[in-house]
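Quick note, the sequences are listed as chains H and F, same order.
Sequential numbering from 42 applies to the first sequence in this note's numbering.
Sequential numbering from 12 applies to the second sequence in this note's numbering.
It is worth saying that the hints were derived from the structure and are not from the lab.
In this text the structure is predicted, and so the values were computed from the model without any measurement.
Every residue, glycine too, gets a C-beta built ideally from N, C-alpha and C.
Fair warning: there could be bad hints in the mix.
Unchecked claim - So these bits of chain H aren't anywhere near chain F, every CB distance computed over 12 Å: (1) 58; (2) 125; (3) 179; (4) 188; (5) 222; (6) 238; (7) 269.
Stated by the list, open to error - Taking CB as the label site, the calculated pair distances span: (8) 297/F - 147/H: 32 to 40 Å; (9) 291/H - 160/F: 17 to 25 Å; (10) 178/H - 435/F: 25 to 33 Å.
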Amino acid sequence: MGYFEIPEIDYTRYTNRQLVAVPLAVLAVALMILGGWYLVFGTPVVLGIEFAGGSELTVETSTDRADIPDAFEEEPESVQANQAEDNQYILQFASDDQQALTEQAESNLEPAGEASIVQSATSTSASFGAALQQTALFGVAFAFIGMSLIAFIAFRTFVPSIAIVISAFSDIVIPLAFMNLAGIPLTLGTVAALLLLIGYSVDSDILLNNHILRRSGDFYESTHRAMRTGVTMTVTSMVAMLVMATSAWFFGIGLLTNIGLILFVGLAADLMNTYMLNLSLLRWYKFRGVSR
Amino acid sequence: MSPKEFLKAYWKIMLLVLFVSVSLYALFVPGGLLADDTLAGDGGLEGEEDEQEVGEGWTNLVYGLTLDGGTRLTAPVVGSTAEDLEIDPNDQTEIEQTLYSELDLDTADATVRYDEESGLATAEIFTDNVSDADFAAALQEAGVDATEDNIRDGVTQTTRDDIIETISLRINEAGLSGASVSQADVGGQFFIVIEVPDMSPTELRELIEQRGVVEVVAHHPDDDGGQQNDTVLVQEDFATIGTASFNDQSGDYVPVTITEERAPGFQDDMNDFGFTTTGAGQCAFEDDGADGQNYCLLTVVDGEVVDSHSMSPDLGANMNQGTWVQDPQFQMLTPTQQDAQQLSVNLRAGALPAPLDFNSGQTFTLDPALGDQFKLYSLFVGILAVLSVSGMIYLRYADARVAVPMIVTGLAEVVILLGFAAAIRMPIDLSHIAGFIAVVGTGFDDLIIIADEVMSEGDVNSRRVFQSRFRKAFWVIGVAAATTIVAMSPLAILSLGDLRGFAIITILGVLVGVLVTRPAYGDILRYLMTER
Numbered sequence: 042m043g044y045f046e047i048p049e050i051d052y053t054r055y056t057n058r059q060l061v062a063v064p065l066a067v068l069a070v071a072l073m074i075l076g077g078w079y080l081v082f083g084t085p086v087v088l089g090i091e092f093a094g095g096s097e098l099t100v101e102t103s104t105d106r107a108d109i110p111d112a113f114e115e116e117p118e119s120v121q122a123n124q125a126e127d128n129q130y131i132l133q134f135a136s137d138d139q140q141a142l143t144e145q146a147e148s149n150l151e152p153a154g155e156a157s158i159v160q161s162a163t164s165t166s167a168s169f170g171a172a173l174q175q176t177a178l179f180g181v182a183f184a185f186i187g188m189s190l191i192a193f194i195a196f197r198t199f200v201p202s203i204a205i206v207i208s209a210f211s212d213i214v215i216p217l218a219f220m221n222l223a224g225i226p227l228t229l230g231t232v233a234a235l236l237l238l239i240g241y242s243v244d245s246d247i248l249l250n251n252h253i254l255r256r257s258g259d260f261y262e263s264t265h266r267a268m269r270t271g272v273t274m275t276v277t278s279m280v281a282m283l284v285m286a287t288s289a290w291f292f293g294i295g296l297l298t299n300i301g302l303i304l305f306v307g308l309a310a311d312l313m314n315t316y317m318l319n320l321s322l323l324r325w326y327k328f329r330g331v332s333r
Numbered sequence: 012m013s014p015k016e017f018l019k020a021y022w023k024i025m026l027l028v029l030f031v032s033v034s035l036y037a038l039f040v041p042g043g044l045l046a047d048d049t050l051a052g053d054g055g056l057e058g059e060e061d062e063q064e065v066g067e068g069w070t071n072l073v074y075g076l077t078l079d080g081g082t083r084l085t086a087p088v089v090g091s092t093a094e095d096l097e098i099d100p101n102d103q104t105e106i107e108q109t110l111y112s113e114l115d116l117d118t119a120d121a122t123v124r125y126d127e128e129s130g131l132a133t134a135e136i137f138t139d140n141v142s143d144a145d146f147a148a149a150l151q152e153a154g155v156d157a158t159e160d161n162i163r164d165g166v167t168q169t170t171r172d173d174i175i176e177t178i179s180l181r182i183n184e185a186g187l188s189g190a191s192v193s194q195a196d197v198g199g200q201f202f203i204v205i206e207v208p209d210m211s212p213t214e215l216r217e218l219i220e221q222r223g224v225v226e227v228v229a230h231h232p233d234d235d236g237g238q239q240n241d242t243v244l245v246q247e248d249f250a251t252i253g254t255a256s257f258n259d260q261s262g263d264y265v266p267v268t269i270t271e272e273r274a275p276g277f278q279d280d281m282n283d284f285g286f287t288t289t290g291a292g293q294c295a296f297e298d299d300g301a302d303g304q305n306y307c308l309l310t311v312v313d314g315e316v317v318d319s320h321s322m323s324p325d326l327g328a329n330m331n332q333g334t335w336v337q338d339p340q341f342q343m344l345t346p347t348q349q350d351a352q353q354l355s356v357n358l359r360a361g362a363l364p365a366p367l368d369f370n371s372g373q374t375f376t377l378d379p380a381l382g383d384q385f386k387l388y389s390l391f392v393g394i395l396a397v398l399s400v401s402g403m404i405y406l407r408y409a410d411a412r413v414a415v416p417m418i419v420t421g422l423a424e425v426v427i428l429l430g431f432a433a434a435i436r437m438p439i440d441l442s443h444i445a446g447f448i449a450v451v452g453t454g455f456d457d458l459i460i461i462a463d464e465v466m467s468e469g470d471v472n473s474r475r476v477f478q479s480r481f482r483k484a485f486w487v488i489g490v491a492a493a494t495t496i497v498a499m500s501p502l503a504i505l506s507l508g509d510l511r512g513f514a515i516i517t518i519l520g521v522l523v524g525v526l527v528t529r530p531a532y533g534d535i536l537r538y539l540m541t542e543r
C-alpha cells in the first residue's frame, strides 16, 4: 500500500545496549554543547534580543547593504537581507534605544520609493528581557512536569512512563544544542516550538507504548505496526515543517522559519529517541518481566 | 436506510458539516455571526476595534498588531509601595504631606490609601530617586510604624487600574480607535501594555509621558511689592470640560465649568486677590519690571507654567458682583489649537497617577505595509504546508478513499478555527498562524493514527470491529491531546506576548480536533469501508 512503505527493521539483530547507546551518545553530545556554551558565554543557549535585551529594526532602503551600518552610531550586530523583498533588511542592535535608532535610520538611510524607511522596530530592555526569560522558563518547566504527570497517569507503570519522559527531554535538548550550532537564538517563537515538540514527541511515544503494552501479539509485530503509523506521522510533520521553514525563510518571516526548523530537527531526534531509546527500554521491561 | 437512521448513524459527520458551515458563515458573510461587539480580547478597551476593522478585506478576520501594523509599548510603573501599615484613617492626608516635605517630592508623587476591609494602609511614592531606607524613615517621621521590610518595588493594583483608565481615556480623547490598554505580569513584575494602531512609538510616548497634573495658579502682588502664587483650582474643581474650541474674540480655548463646591471659594479668592478690580487685564508674566503689579492666572501642567492670562474685564465684573457663582463657567485660553487639545485631554482624562518607565520595558512597532506583506506571505506558507502534508498523505496511502477524506477533514479543522477566531473577533497575529500550522500538524498525525488503526489486520467487515478499533485509536489521541493541552496551558495564561495567541489557538485546535473533526473522520472512514 502506498508509494512508500515504512521499512521493517530487524530489531533482534541489536541488543538493548547497542540500541540505547546511539541516542544516549547524541544526548550526551547535546548536553556537552549546552554545558560548553554555558562555560564560555554564561548562558547555555544563545539568547535572542527578546530575552537578552536590544533592538531589531526592519528597514526598507535603497542604500547599499554594505553602507547600512554607517547610518547608525552603533555598529549593528547583524544585517540580514530579506530574500523575497528587494531593499528590505533586518538589523539587530545591542542598544534598546528604539527612538534613537529609528531617528538615525530615518535621517541617514535613503528611502526606497514611497515606503517608510523603518518598517518595524522592536526594542527590549535587559530587565524586561530577564523577566520574560524567567516567565518562559517557568512555562517550559510547568509544561514538562505536566506532560510527565500525564504519561504516568496514562500508563501507571514506571519504566514505560519514564521512557516517555526521557525521550521528550532528549527531544528538547537536542534541538537546543542544534540551535546553538546553527546560530538560532532562543526567542518566544523558538520556546513555542520547543513546547510543541513536547506534544509531538509524546504522540509517537504513546503510540508505541500503547501498541506494545496494551495489545496482544508478538513484541516485534506490535513494534512494526506502531512504527508504520508513527513514522508516517513524524515524517509527514517533518515535511510540513521543512516546507514551512524554507518558505517562511524565503519570505522573511523569521518567527515561522525558526519554529519550522526547530520542529524539523526535534522531530528527527524524536524518530531516533522513540525507535531506539524508548523501544529498547520497553523491550527490556517486557522481556525482563516475562523471565522473572 | 431512512433519513432518521442515517442521521443517527452519521451524526458526527453532520456535526462537522454544521461546524464548517457556521464557520464559513462567520468568516465570509459580511457582518459575521455577531454583528456588534466583541467577546474576545484580553481586557482593556477593545470595543471600538470592530467598527474600523469590519469591512476591510474579504473575510471577517480581525488582525492584531503584528499583521495590521501599529505600536505596542510595555513599561513598568515607576514607584515603590509600603504595605501593611497600621494608621489612623484620619491621618491619611497628614502622612501624605509629611512624605512630600520629608522626601522633597513633586506634586502627585505620593499617595496613602486606607483599606477599610483589612484596616491596613499602603503608602506609595512615584519616583525612583528615593531609597527604601529614606522612604521608611519618612514614614516613621509621619508617625507610621514602618521598616524597609514593608517596602517593595512597584505600585498597588488600585494605582495600576487608575493608570490603565487614564491612558485609555487619553488615547480615546486623542481620537484614536482600536487601542487597548492592559497590564501583564511578567516574571513577578507588573507592566502596563499599551497597543495602538496607526501611531508611531514617539507619538504614543508623547501622549502618555506627561503626567498631566493641571492646576490654575493665581500669580498676584504680595504686600512687599513682589509677586506671590496661590493655587486656586485643581483637577477635581472642574465640573465639566469642553473640547478644544475657537472663536475670533478669544482665539483657542477650552470652555470649563467649576463645581458648585469650589465656585464660591474661587470667586472669593479672585475678589480678595484683586483680580476682579485693579487686576483685570493686568498681566505681564515674567516681565521683571511689572513685579508687584501682575495679576495673572497661570495654567500649570506638571509644575511647569504653560500659559498665563489676565482676567477678562467682563468675567471680573461678573465675579465682583457675586453673580458668577450662579453660572460658574469660563474659558481657559491657550496659545494654539494643539495646546487646547492637550489641555482638554489632560483635564478630562485626569492626571496619570504615576509615571511609566519606558526605558525598562519593550517597544514594538510595525508599519501597516509590512503587516500586509506578512499577511500575504504567511498565507502562502500555510498553503504550502498544507499542500505538502496532503501530498505526503496521498503518497503514503495511495487510496483516495482514505487520503481525500483525511485531507478534507484536516482542512475543516483549520476552517472551524478560523471561523471561531472571526466569530469572537480574536485579533490574529503572526503567532496565531504558527499555531494554525501546529494544529494542522497534530491534526493529521491523529487522522493517520485513526486510519492505520481502523485498517489494521485486514478489512473492516462489521460495525463492531470498526468501533473497537476506533476506540483503541482514540485512546492514543486522547492522551496525546491531553498532553498538548497541558504543555500549552501555562503559555495561554502567562503574559508571554506572542506566545499567548499561539498557545490559545493550539489548545482550541486540539479541542476541536478531539471533539469534532476526528470522530467525524472515523465515521467517514466507517461509511467508506463498511458499507460496500
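Here's how the hints hold up against the structure:
1. Here residue 58/H stays apart from chain F, with its beta-carbon at least about 29 Å from theirs, past the 12 Å limit.
2. Annotated as non-interface, residue 125/H brings its C-beta within 12 Å of a C-beta of chain F; the closest such distance is 7 Å.
3. A cut-off of 12 Å between C-beta atoms contradicts the statement that residue 179/H is not in contact with chain F; the least separation is 7 Å.
4. With a least beta-carbon separation of about 5 Å from chain F, residue 188/H fails to lie farther than 12 Å from that chain, contradicting its non-interface assignment.
5. Distance check on residue 222/H: its Cβ is at least 23 Å (rounded) from any Cβ of chain F, clearing the 12 Å threshold; non-interface status holds.
6. Annotated as non-interface, residue 238/H brings its C-beta within 12 Å of a C-beta of chain F; the closest such distance is 9 Å.
7. For residue 269/H, the non-interface assignment is contradicted: its Cβ lies about 6 Å from the closest Cβ of chain F, within the 12 Å cut-off.
8. Taking 32 to 40 Å as the suggested C-beta distance range, the pair residue 297/F and residue 147/H conforms, at roughly 36 Å.
9. Take residue 291/H and residue 160/F: their Cβ atoms lie about 57 Å apart, and the range 17 to 25 Å is violated.
10. The hinted window of 25 to 33 Å between residue 178/H and residue 435/F holds, with their beta carbons roughly 31 Å apart.
Hint compliance for this structure: hints 2, 3, 4, 6, 7, 9 are broken, all remaining hints hold.
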